[in-house]
Amino acid sequence: MLLHLGRNTSLATLATALTLTAWAPAPAEEIWISNEKEDTLSVIDVATLEVIRTIETGERPRGITFSKDYSVLYICASDSDTVQVMDPETGRILHDLPSGEDPEQFVLHPDDRHLYIANEDDAITTVVDTETRKVVAQIDVGIEPEGMAVSPDGKIAITTSETTNMAHWIDTETQMLFANTLVDSRPRHAEFTAGGTELWVSSEIGGTITVFDVATQAEKAKIEFEVQGIHPDRVQPVGFEFTGDEKTAFVALGPSNHIAAVNAKTYEVEDYILVGRRVWHMDFNTDKSLLFTTNGVSGDVTVVDVASREPVKTIKVGRFPWGAALRP
Amino acid sequence: MGGFALKTGRALLAAVTLAAPAAAEIAVSVHYLQLMVEAPPTLSNLDPVPEDLGIAGATVGLKDNATTGRFMGHNYELTVTRVEPGGDFLAAARAALTETSLIVLDAPAAAQLAIADLPEAAGALLFNASAPDRALRDADCRANLLHTLPSDAMRTDALAQFFVKKRWDDLALITGTNPADQSYAADLKASLAKFGLDVNSEKTWAFDADMRRNAAQEVPLFTQDLRDHDVLLIADEIHDFGRYVLYNTWDPRPVAGSEGLTATAWSPVVEQWGAAQLQSRFEDAADRGMAPKDYAAWAALRAIGEAVTRTGSGDTATLRAYILGDAFELAGFKGRPLNFRPWNGQLRQPIPIVHPRALVAQAPLEGFLHQRTELDTLGLDEPESHCTAFSK
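As they're listed, the protein sequences go chains F and H. 37 is the number of the first residue of the first sequence in my numbering; add one for each residue after it. -11 is the number of the first residue of the second sequence in my numbering; add one for each residue after it.
To be clear, the hints were calculated from the coordinates, so they are not data collected in a lab. We treat Cβ as the ideally placed atom computed from N, Cα and C, and that holds for glycine. Watch out, some of these pointers could steer you wrong.
Listed below are the simulated SDA-like cross-link pairs for lysine to any residue, each with C-alpha atoms no more than 20 Å apart in a straight line [what the hints assert, rightly or not]: (1) K73/F - L347/H; (2) K258/F - T299/H; (3) K51/H - L218/F.
Computed footprint of chain F on chain H; a stretch qualifies when at least three of its residues, placed anywhere within it, have a C-beta under 8 Å from a C-beta of chain F [what the hints assert, rightly or not]: (4) 134 to 147; (5) 261 to 269; (6) 338 to 347.
Model the full structure from these sequences, guided by the hints.
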């Protein structure tokens, strides 16, 4: 078993954390991880924190997300140029969805029916109807689209483009762009928060998160990060997720091998937590007491106790873990 | 346009108006001026020089800019002028400068200086995408000439860091007779000195025999009297003889420098840090791998594009001030933001250390520290550079 220890974490305190942290997972709660360079998924049992299944996928799986009832898993099989639809019980691929070329990341609309897919090589966002299995729209966006988000009311979809350095705002009614807002270099991930009134966009090379007011699309705040002993150039915010109360955002900082805990009201960074190498995306368990981060270079997942903000375990998964998704 | 100037292409990407542009319409015109040079004869015909070397990189950079531009109401245009060897490149430069003050130069150092010193170029912003010469970043620098291609000194510093890290302290050197070989060897030796190393034995390769037929006989003999070494360095920047040295040496030792393990601005084997996307965009466009000069030309176009996007201006003085300022950052697919050294106009950048099949390391290597940025452990640092043009 591998453990990533913080500089001041002794084995004794870690052991205490392991025994004292009380989590009561629902039965069969699982975290699914996509392994980009192994063409597999690793399924982690939240109760035991062990990998219990490894499932083969198409080539280069990255974004993964479950349908609202968790009956199917959607997988961006980037190099197979398709979105695969998997039965999570059997691990069988039920069918493929037309996705446009090189699907990297996607988001499922609240209607549980439409996938908004970033086509990284084509500068396009593709909208697919998962029921008719047809492409509904293709929207020209900036170069290397990646980050995808949809507002809680379903009215706005966001694509961020890595080389164009923009968040593109899509009206989901017309499937047309209605705004394009600049952010710092290489935006990677986007999320709506605060009841859908705020949009957060991370910029990997810029080293920032830009917070937008959704009503006006105006920039409201910019969050910067500083990890002691690491040159600012290597502190690169990528994936992030909000806690259940939306009070805290956990932000993966890529090759700095840390995640940050950000106060979502004051936009101040409260903590940095050491995890595995090149931390990329993450997801919580059902009650959001545990956070699972994908560490691409070290090929593992760090489990962080949300209350104490301590890493409690590292779980070896496949090569280059990328996406994470909860299956309760 | 001079009699020898040959206008080969004009790529105009029309803007598509989508939503409300954030700023007023701006038209940005960039000129790519290439002075063609006669390649020196080499033994092997294995590596033909692509016809569109450099130009293909600029074209991909233009497309990248244009995609961003259409959301902003910014139009980008690239004009390419190629001047035959011996042609009147100054006339071509003057003609280009009547149309735009943003020019990417693909020419030897002396020609670049002559262009930078034209009265018409006084307020221009020129980008050196081809000349690795130290002098251009040193006493011969010009305030209107920025460098997106790394200097040879940056490349040799990268190798020296690698040798220190590996504790490969004993080094031997074989140098060719071309001036580019000599200049590279001088930079190599300066870099070794900078990082506390030196070469223990040195030979000049001055044979005119065709090594393709007898390398197995000649090279062991030639390398037999070198002192014990961990690595054999080759200074053969025209790629004449170096390729025949590998695996034919008297002692079985790795080869580095111009052959074997090389430090370079860019290579098709770079795939980390999102580089796979740039490589595939380039390969789709040019039908070949992306070379260092393509990368430098791409970076020049992208630096212009980034400055236009962030300032909302097409004014050259405004762009120059932004590009040389603290706020500028270019996502150059090398794992960290790139910006320009304000004292000599060199684009700071990590240097991939590669062999033909994979990336081996990327300098600056861990442990080589610098008070400003680790990137300044590569190439001429501020106290070493005799460049004063930027301080005026």
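Original post:
Which of the numbered hints are not met once you compare them with the structure shown?
Top reply: The structure breaks hints 4 and 6; every other hint is satisfied.
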